[in-house]
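Based on the hints, put chain F in the right spot on chain Z.
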Amino acid sequence: MTLEELEQIAKSVHQEYEKYDYEVNVCMDLACASQGAEKLREALVQAAEASGKKVLVRRTGCMGPCSSGPLVRVDPEETLYHHVKAENAGAVVASLGGEPVPELQCDLSEHFDKQVRVVLENAGHIDPEKIDDYIARDGYKALMTALLEMTPYGVVHRITESGLRGRGGGGYPTGLKWSTVAKASGDMKYVVCNGDEGDPGAFMDRSVMEGDPHRVIEGMAIAAYAVGASKGFIYVRAEYPVAVSRLTTALRDARRRGLLGSAIGGTTFNFDIEIRLGAGAFVCGEETALLASIEGRRGAPRTRPPYPAVSGLWGKPTLLNNVETYANIAPIVRNGGKWFFNMGSDRSKGTKVFALTGRITNTGLIEVPLGIKLWEIIDVIGGGVPGGHKLKAIQTGGPSGGCIPAEMLGIGVSYDALMAAGSIMGSGGMIVMDDTSCMVNVARFFIEFCMTESCGKCIPCRAGTAQMFTLLTRICNGTATMDDLELLEDLCITVKEASLCGLGQTAPNPVLSTLKYFKNEYIEHIVHKRCPAGVCNIEAPVEVLA
Amino acid sequence: MRKNGFARYALIETLHTVQSSFGYLDDDAIRFVANSLRVPLSQAYGVVTFYHYFSLKPPGKHTMTVCAGTACYIKGADKLIATAEKRLGIAQGQTTKGGEISLMTARCVGACSRAPVVLCDGEVNGEMSGEQMIAQLERWSVE
Numbered sequence: 001m002t003l004e005e006l007e008q009i010a011k012s013v014h015q016e017y018e019k020y021d022y023e024v025n026v027c028m029d030l031a032c033a034s035q036g037a038e039k040l041r042e043a044l045v046q047a048a049e050a051s052g053k054k055v056l057v058r059r060t061g062c063m064g065p066c067s068s069g070p071l072v073r074v075d076p077e078e079t080l081y082h083h084v085k086a087e088n089a090g091a092v093v094a095s096l097g098g099e100p101v102p103e104l105q106c107d108l109s110e111h112f113d114k115q116v117r118v119v120l121e122n123a124g125h126i127d128p129e130k131i132d133d134y135i136a137r138d139g140y141k142a143l144m145t146a147l148l149e150m151t152p153y154g155v156v157h158r159i160t161e162s163g164l165r166g167r168g169g170g171g172y173p174t175g176l177k178w179s180t181v182a183k184a185s186g187d188m189k190y191v192v193c194n195g196d197e198g199d200p201g202a203f204m205d206r207s208v209m210e211g212d213p214h215r216v217i218e219g220m221a222i223a224a225y226a227v228g229a230s231k232g233f234i235y236v237r238a239e240y241p242v243a244v245s246r247l248t249t250a251l252r253d254a255r256r257r258g259l260l261g262s263a264i265g266g267t268t269f270n271f272d273i274e275i276r277l278g279a280g281a282f283v284c285g286e287e288t289a290l291l292a293s294i295e296g297r298r299g300a301p302r303t304r305p306p307y308p309a310v311s312g313l314w315g316k317p318t319l320l321n322n323v324e325t326y327a328n329i330a331p332i333v334r335n336g337g338k339w340f341f342n343m344g345s346d347r348s349k350g351t352k353v354f355a356l357t358g359r360i361t362n363t364g365l366i367e368v369p370l371g372i373k374l375w376e377i378i379d380v381i382g383g384g385v386p387g388g389h390k391l392k393a394i395q396t397g398g399p400s401g402g403c404i405p406a407e408m409l410g411i412g413v414s415y416d417a418l419m420a421a422g423s424i425m426g427s428g429g430m431i432v433m434d435d436t437s438c439m440v441n442v443a444r445f446f447i448e449f450c451m452t453e454s455c456g457k458c459i460p461c462r463a464g465t466a467q468m469f470t471l472l473t474r475i476c477n478g479t480a481t482m483d484d485l486e487l488l489e490d491l492c493i494t495v496k497e498a499s500l501c502g503l504g505q506t507a508p509n510p511v512l513s514t515l516k517y518f519k520n521e522y523i524e525h526i527v528h529k530r531c532p533a534g535v536c537n538i539e540a541p542v543e544v545l546a
Numbered sequence: 547m548r549k550n551g552f553a554r555y556a557l558i559e560t561l562h563t564v565q566s567s568f569g570y571l572d573d574d575a576i577r578f579v580a581n582s583l584r585v586p587l588s589q590a591y592g593v594v595t596f597y598h599y600f601s602l603k604p605p606g607k608h609t610m611t612v613c614a615g616t617a618c619y620i621k622g623a624d625k626l627i628a629t630a631e632k633r634l635g636i637a638q639g640q641t642t643k644g645g646e647i648s649l650m651t652a653r654c655v656g657a658c659s660r661a662p663v664v665l666c667d668g669e670v671n672g673e674m675s676g677e678q679m680i681a682q683l684e685r686w687s688v689e
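If you read the sequences in order, they're chains Z and F.
When the letters of the first sequence are read in order and numbered with my numbering, they come out as residues 1 to 546.
When the letters of the second sequence are read in order and numbered with my numbering, they come out as residues 547 to 689.
Certain hints may be false.
Stated by the list, open to error - DEER-style ranges, computed between Cβ atoms:
1. F/Asp-572 / Z/Ala-466: 28 to 34 angstroms
2. Z/Ile-459 / F/Phe-578: 33 to 39 angstroms
3. Z/Arg-302 / F/Ser-601: 24 to 30 angstroms
4. F/Arg-633 / Z/Asp-113: 42 to 48 angstroms
5. F/Tyr-570 / Z/Pro-386: 40 to 46 angstroms
To be verified - Counterexamples of contact, computed for chain F against chain Z with all Cβ distances above 10 angstroms:
6. Ala-575
7. Ser-582
8. Lys-603
9. Ala-614
10. Gly-656
11. Asp-667
12. Asn-671
13. Ser-687
Derived from the structure by calculation, the hints contain no laboratory data.
Just so it is clear, CB atoms sit at the ideal spot from N, CA and C, and this is done for glycine as well.
Just chain Z, with the same shape it has in the complex:
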């Protein structure tokens, strides 16, 4: 495979599509699929055949605004239809070449205007199971450019220059990580992709793996070239069967096209990828635990250093990045580091994908330039809180993150600003809560999560989260005293500072941030024995019912 051959494929795909006058794209992501997108697609194919028009019906990955699903976009007009049922297929096809169907058309221009799509640029435009669709949108061009025109050092330099930081949550500079692995000595190195999206309430990585799997593969291949690795692993949750099957198909197609395997692009570069299944353990998102799981052991983290960059899988230098980080690589190599550097805010460059969920009008997947104000995401892109309720808090970073109160909507969304607010960027879950949510109960929910997901290796995390859960349960059912609150605060600090891995160190964050901004709710529970949101059942002795 050479650059010319890639262009040849792209050209033939474009010629093939030029035969059609219209393209009807049907979103087949989980949210739309659960509302009958498959039936709709079949109905559209039938209607298109019956009409005699030249129509291409294509299934695509996530288009974004999941709450309006099932979604259909008609190109080249870019008309977006929402809540499309199989019965509407005839009307949609009949409208082609004429006026759009008014009752199905939706205007989400406000939703899309503030967004910048880098990672999601192909989602909603390509069939994820067709490698040629991806190639036609400049796919694998970056890999070929890197292999044929750049040195490994040049690639690392370009990534460093872009200012990209790890999208898994930690925000470690990607370029720095790459250069550490590149400098590490050893004939065998590994590249690992973390697709263990355990954070409940987040589904960005799933959408990327399902909607645009080749982009992840391309990013990993470029990384392997840059650091000198020849073997890669993608670690995916077993709860994402569609992602697993799409990636399997994508890997097979890439091998067939000579984009994976030996002597890629006629160079001496060899690289192949294997898929590894997770088995439902949140702690496996932690890098050393994930590596242990790939080796077939229990996912228990170990102390660092040595970092995986020096001693990772089977003791070899290992580069480990998140799905979204790899998805950013190809566009950076293609467009240059400066291009990426110019997007975003001061110390947080580029864009970030968020899964916007909870009590908000437009739920779904969004991609915004970093530094965007929180209110722009909530009020403009998200369309505000529905049902006349009042916004209370925004939870970011999942069980490791915190709650940002409604008064702080003015902050910019960046690694540092969120950290200063007591939360973290995390992998990109953004859960909106209104006045029907009790913050103490939410904190209790997260601690329960961390308690059951703690691997049990170190005591602060294993015993600390259990004690915190007991204390929070007592506060929730109104049997706690003010001393308990003090004890809880004390315990938070202990668990935060003494735990071995990221899970334990960040587990108290939801409690600490709610204590910081919503302490009055805790006091209300303890002193006045009442729950301001009416969620906690104070009378019930042990079990807290919502």
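Relative to chain Z, chain F alone:
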């Protein structure tokens, strides 16, 4: 196992394959896998019990899985779980006496935009209400 060359590191892969064929992992299966891969039985058992995805008990004829992710929780998944527990007379993670219906919870299936989500025999149902869930349970118990 052959696909992975009987490699020890393929323990989790192998267990996945066994569970997807038989629905659960019994003692014989774990013993067989451990022997074949030359992995200590303690390690194999440790792995099985460590990961939530592996089950040591046979599942019921039908399985209802309520997503307990954060977005679903905010939208009342805990109420759904309580409703189902009351209706079936079992706690989450258990199966009804006749082996008819299993009630499970999941740590986020990634369909958060349609919370609360319930999986009925693996099929994703979004924006589930208590009534819809009871109706589904009724349909299963009639069969």
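These are the hints, each one checked on the structure:
no., hint, result
1, F/Asp-572 / Z/Ala-466: 28 to 34 angstroms, "30 angstroms, holds"
2, Z/Ile-459 / F/Phe-578: 33 to 39 angstroms, "36 angstroms, holds"
3, Z/Arg-302 / F/Ser-601: 24 to 30 angstroms, "28 angstroms, holds"
4, F/Arg-633 / Z/Asp-113: 42 to 48 angstroms, "46 angstroms, holds"
5, F/Tyr-570 / Z/Pro-386: 40 to 46 angstroms, "42 angstroms, holds"
6, Ala-575, "15 angstroms, holds"
7, Ser-582, "13 angstroms, holds"
8, Lys-603, "16 angstroms, holds"
9, Ala-614, "7 angstroms, violated"
10, Gly-656, "4 angstroms, violated"
11, Asp-667, "13 angstroms, holds"
12, Asn-671, "7 angstroms, violated"
13, Ser-687, "24 angstroms, holds"
Figure legend: structure checked against the earlier numbered hints; hints not met, in rising order: 9, 10, 12.
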